Amino acid sequence: MKRTSWLVPTIYILFLMLPIYWLISMSFKTTNEILGNFTLWPQHFTLANYRTIFTDPTWYMGYVNSISYVTLNTVISVTVALPAAYAFSRYRFLGDKHLFFWLLTNRMAPAAVFALPFFQLYSAIGLFDTYLAVALAHTLFNVPLAVWILEGFMSGVPRQLDETAYVDGYSFPRFFTRIFIPNIKAGIGVAAFFCFMFSWVELLLAKTLTSVAAKPIAATMTKTASSSGYELGLLAAAGTLTIIPGAIVIYFVRNYIAKGFALGRV
Amino acid sequence: MARISLVGLKHSYLAHPAAPDDWALKELNLEWQDGGAYALLGPSGCGKTTLLNIISGLLQPSHGEVLFDGRDVTPLPPEKRQIAQVFQFPVVYDTMTVFDNLAFPLRNRGVPETEVRTRVQQIAEMTELSATLKKRASGLSADGKQKISLGRGLVREDVNAILFDEPLTVIDPHLKFQLRSKLKELHHRVPKTMIYVTHDQTEALTFADKVVVMNMGQVVQQGTPEELFLTPHHTFVGHFIGSPGMNVLPCEIDNGNAVLKGHRIATANKAPAGISGILELGVRPEFIHISDTGLPATVTGLSDAGRFRIAQVNCLGQTLKFLVSEDHPIATGEVHLTFDPTHTHIYHNGWLAGQEGLA
Amino acid sequence: MNKAVNQKAWFFVLPVLVLVAFNAIVPLMTVVNYSVQETFGNNQFFWSGLTWFTDVLRSERFHASLTRQMIFTGSILLIEVPLGVLIALAMPRKGIWVSICLVLMAMPLLIPWNVVGAMWNIFALPNIGLMGKVLNDLGFDYNYTRQVGDAWFTLILMDVWHWTSLVVLLAYAGLVSIPDAYYQAAKIDGASRWAVLRFIQLPKMKRVLTIAILLRFMDSFNIYTEPVVLTGGGPGNSTTLLSIDLVKIALGQFDLGPAAAMSLIYFLVILLLSWIFYAVMTRNEEW
Amino acid sequence: MTLELKNVGKMLGAQTIIYPTNLVLEPGRFNILLGTTLAGKTTLMTLMAGLERPTEGTVWFNDRDVTHDAVQKRNVSMVYQQFINYPNFTVFENIASPLRVARMPEQEIRARVTEMAELLRISTMLDRNPDELSGGQQQRCAMARALVKDSDLILLDEPLANLDFKLREELRDELPRLFARRDRVVVYATTEPTEALLLGGWTATMAQGRVTDFGPTERLYRHPLNLTTARVFSEPPMNVAEVRIEQGRCSLTDGLSWSIDNGLPDGSYTMGLRPHHVLPRPDTPSDIEIQGRVTVAELGGAESIIHFDAYGNSWVSLSHGVHPFAAGELTTFHADMSHCFYFDDTGRLVASGKQREVR
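Sequences listed follow chains A, B, C and D, in order.
Here the working numbering is used: the first residue of the first sequence is 3, the next is one more, and so on.
Here the working numbering is used: the first residue of the second sequence is 23, the next is one more, and so on.
Here the working numbering is used: the first residue of the third sequence is 6, the next is one more, and so on.
Here the working numbering is used: the first residue of the fourth sequence is 941, the next is one more, and so on.
No lab work stands behind these hints, which were simulated from the structure alone.
Only a predicted model underlies this, so the values are computations on that prediction, with no experimental measurement involved.
Warning: the hint list may mix true and false statements.
As the list claims (entries may be wrong) - Each computed EDC-like pair below joins lysine to aspartate or glutamate, with the alpha-carbon atoms no more than 20 Å apart: (1) K13(C) / D164(A); (2) K211(C) / D185(C); (3) K1106(D) / D326(B); (4) K192(C) / E101(B); (5) K1106(D) / E188(B); (6) K13(C) / E165(A); (7) K1294(D) / D326(B); (8) K32(B) / E53(B); (9) K13(C) / D98(A).
As the list claims (entries may be wrong) - Chain A regions said to be covered by chain D (calculated; three or more residues, Cβ under 8 Å): (10) 155–164; (11) 171–183.
C-beta: ideal position from N, C-alpha, C; glycine also.
Generate the whole structure from the sequences, applying the supplied hints.
The following block contains the structure:
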């Protein structure tokens, strides 16, 4: 068992990499090569697809838009989740046990159905087609998760640390920002990773709540696919580029996940 | 059950140890009798846990052999050594009942269920767990859980030794006393070889027939609690055991006898002729008495511990502590002190003169 | 740990409540509103009571998509959870390989869902896709756009590819936080590899696995983008999962009432199942 | 500077954690809270610090009602049993942190932190992070932080409990020098009677949320107000038995009896005798003999604690030196009954045992 156990993750990673390889290899092929004969690697290596993306504003603005609302969402989600998680980890209060489950149930709302009401809601308050609209909408499923992750990490910090800080003269806000937050930075990293991830990959709500100004890259891709026929190479290049921001984020939080995180209430 | 011998054991966590400090465990040879109760006592970082892990097989020593009843078990993994261990933090199988926890080591070895039942009942009765057998183990308090881990060790008939790694760390102070006594009692009822690692002298001396005192990766003395108290083989033992620890005073040697600032002191041992190095006089606070004649001293402090008082004096430029019993008054100011000659020793480079390195 | 009772803690939770309530309750009310009204376009609505609910509950179309949904969710849970745990168990515990494994494994999670769909759509195409081509070259008659079985196979394979890593990440985080002493004790007690898994690793992973299963359960019930891009619900309606069906009804036919009623019913189904699961998993918490 | 609790009580839901308590704590000496775990010491301290509000009563500092003042406004310091330091700060920044919050000029901060580090002997570790220090050093860092800001009230909640035995002894010797100051109230919680005695000052004994007695430590030890106080103030536990007094003789059931001359009227009493007046060998001529069966013998470094059964009671003997006994052994113990305390049926002390003359 021990000697062969490395095989399992290796095979799994190979399985994960195959479709990604296919995507990347396509991004370096011309549309003709893709649709023509089957080739395992690019025979006519081209950077044309990437050139198109980096020169055409409708393409690269999609990236800017996506990164903008995802970042905004991550900041909002973690910021509001921090005090809530602190309350769950330090105090008992009326309804605390049910509150968490209720928060979690919000992930159950089928985005497909809620898209239309969301559209109406955000149009009504004049936020349609803004970064803020998408960022706020995504908090629906990210905040509960962030609260859960952060609470686990916070419960690992002894309560005496809070008391010591008050005794030393720290006000609550100062204690929270100077002492407490640095102590749970691993948790913040992990929570931010999950918020980033779920906001980055979601398309339905993001597409519904935007038209031009805040349109995400993923939506740009669907438009292109339908309007200009199958420009598969271009699509593959755009797709390849969507993997990069996530890969950067996971690289930064890898050690926190590797160390394992203290897990909070369930 | 087994006799345990450690032969030429040495360990370093480094790949190429060079300096003496690179060794977590300096060379040691020990022989432990079957059915004995032993303690490894020392401050944190003295190598006692390293030694325990070598005995249990969790760690392979860099040099030397571990023998059980003369059989070399050094290359064997823990599960092949037939030993049991109680850890610092209680380890129980959360999802099982107390009964299943105790039965686990037997069932894993295919012991028939009827035998499992009688054996578990028997052990539960000994460890006072009978009332909780049907409860889930996760619901017990820390001391209850420690009793379970202990019970899992006792339940097997074939165990060569039971190892304890600071088992009372997470126990409430007022329960420590009970569990400490319980362990001692259990050893009388189940005479297996038991090895107990701790930094707490009371736990070690209470539990063990023989205590191995360790410091800086080295065994400094192995002996009965009495020997450690009356004849410390090293100033470290004198300091570490007893409260307050032994007084250690630099002295000179004249013709094998100790001389303290011109005063000749009678001692239990003599220094060999031509000795050089650091020479000290060791005497425990219990063996210094006030008398009409003797070394002149000035009382500088007195603290009351209830049944006795600890007097602090300045004697010939050295600070000394000694005990004064509750009922006897003590003069303030100038006093004269005598050292009990049978319990005053000369130390050479830290070791009892004439016994150097005979740990 | 005995926590202090402090009702002021509600102030800390307030921002979360406001934010989530704003996003959850207003749209939910809108949906409830639709579900009890009849519309003939032109923004004219009439009260229709619970007609839509009874209609939906009786409709075969709903039954069919709910059944498909259950089969899908059931299959992916049965595959992803054990597989995720198995991979987490086989992962190295320390060293550079941990980081490499984690970074690589997390990649599918970070790809936008429509890209995932598009990627698999192409990857599995029998003529130009790596997987489709290889399968056909190996003699399998594989064509997911035409054959129902192949479509399901591809759909489930895609989801396994996409989401198993989430289970791996959570399970792995749970595994590394088990103290070494447990493994040592198990060795000493002579426990088999299976007993270690059954009595130490799984119980200690219970909390993470509960969350992993809940997340996978909820998210798979709401799955929309990937299957739409991959199969578009076809061939026929064979892979039309609940969300796809809902969107077809709501936006395709603009039957807002039935769609709303259907989504509420299905929201309640998820809620009920999740709650039962949650209650069972946390039942023994306070013993 | 005086801290005064007026009728302070704390409820948690329907459960009473602290019963209404009145205490006046004076500066310039150690005020000790002595009691077992869960007796309410920590809660009482958090009430004193202002970390929690009492559910009834008021807290006064220097004749000013501070009950509703925030903890940040009170100029207090606290040291916990767990080594609490800010893990994200270096040792220097840890010690400096209260001064930084108070916006002290950088130069003065530097001077004060250096001075404190010197005093607590951690000068060489100022650049390290707390988790790189040993337990003793971590606690020294926490103490330096508590001392650096010149607080009016310092609360020490079992600060030595998690330290190795020898470190505890060493730090305890330093404590009075570090903390005692004329203009500061020091409160020290401990579970160990010996620690309370060695630190001196005044002691409040606590049991189950109540303060059972408060006064000079030595008075509490020699003349405890009641049985609860006497029990709390005895480690190992006091020997307690129901007795009858008739015509100048005191008797246990089953015939053990001794004469008394303290003039108590005939009737039923509870007798308390500290373990160190029960010895395994004769001590004074007035000893009475108690035949007992040894249950457990515990050995400290320099003393032995022997538990035995006799006359239907369990007894404890504490004697100097190392006296190993096997469980089950039948032995004669010698008890000096002139040291007995007598309590009436409400538990109030009616007669103290013979005491040595107080200097």
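Cross-check of the supplied hints:
no.: 1; hint: K13(C) / D164(A); verdict: holds, 17 Å
no.: 2; hint: K211(C) / D185(C); verdict: holds, 18 Å
no.: 3; hint: K1106(D) / D326(B); verdict: holds, 19 Å
no.: 4; hint: K192(C) / E101(B); verdict: holds, 5 Å
no.: 5; hint: K1106(D) / E188(B); verdict: holds, 16 Å
no.: 6; hint: K13(C) / E165(A); verdict: holds, 17 Å
no.: 7; hint: K1294(D) / D326(B); verdict: holds, 17 Å
no.: 8; hint: K32(B) / E53(B); verdict: holds, 15 Å
no.: 9; hint: K13(C) / D98(A); verdict: holds, 12 Å
no.: 10; hint: 155–164; verdict: holds (count 3)
no.: 11; hint: 171–183; verdict: holds (count 5)
Hint compliance for this structure: no hint is broken.
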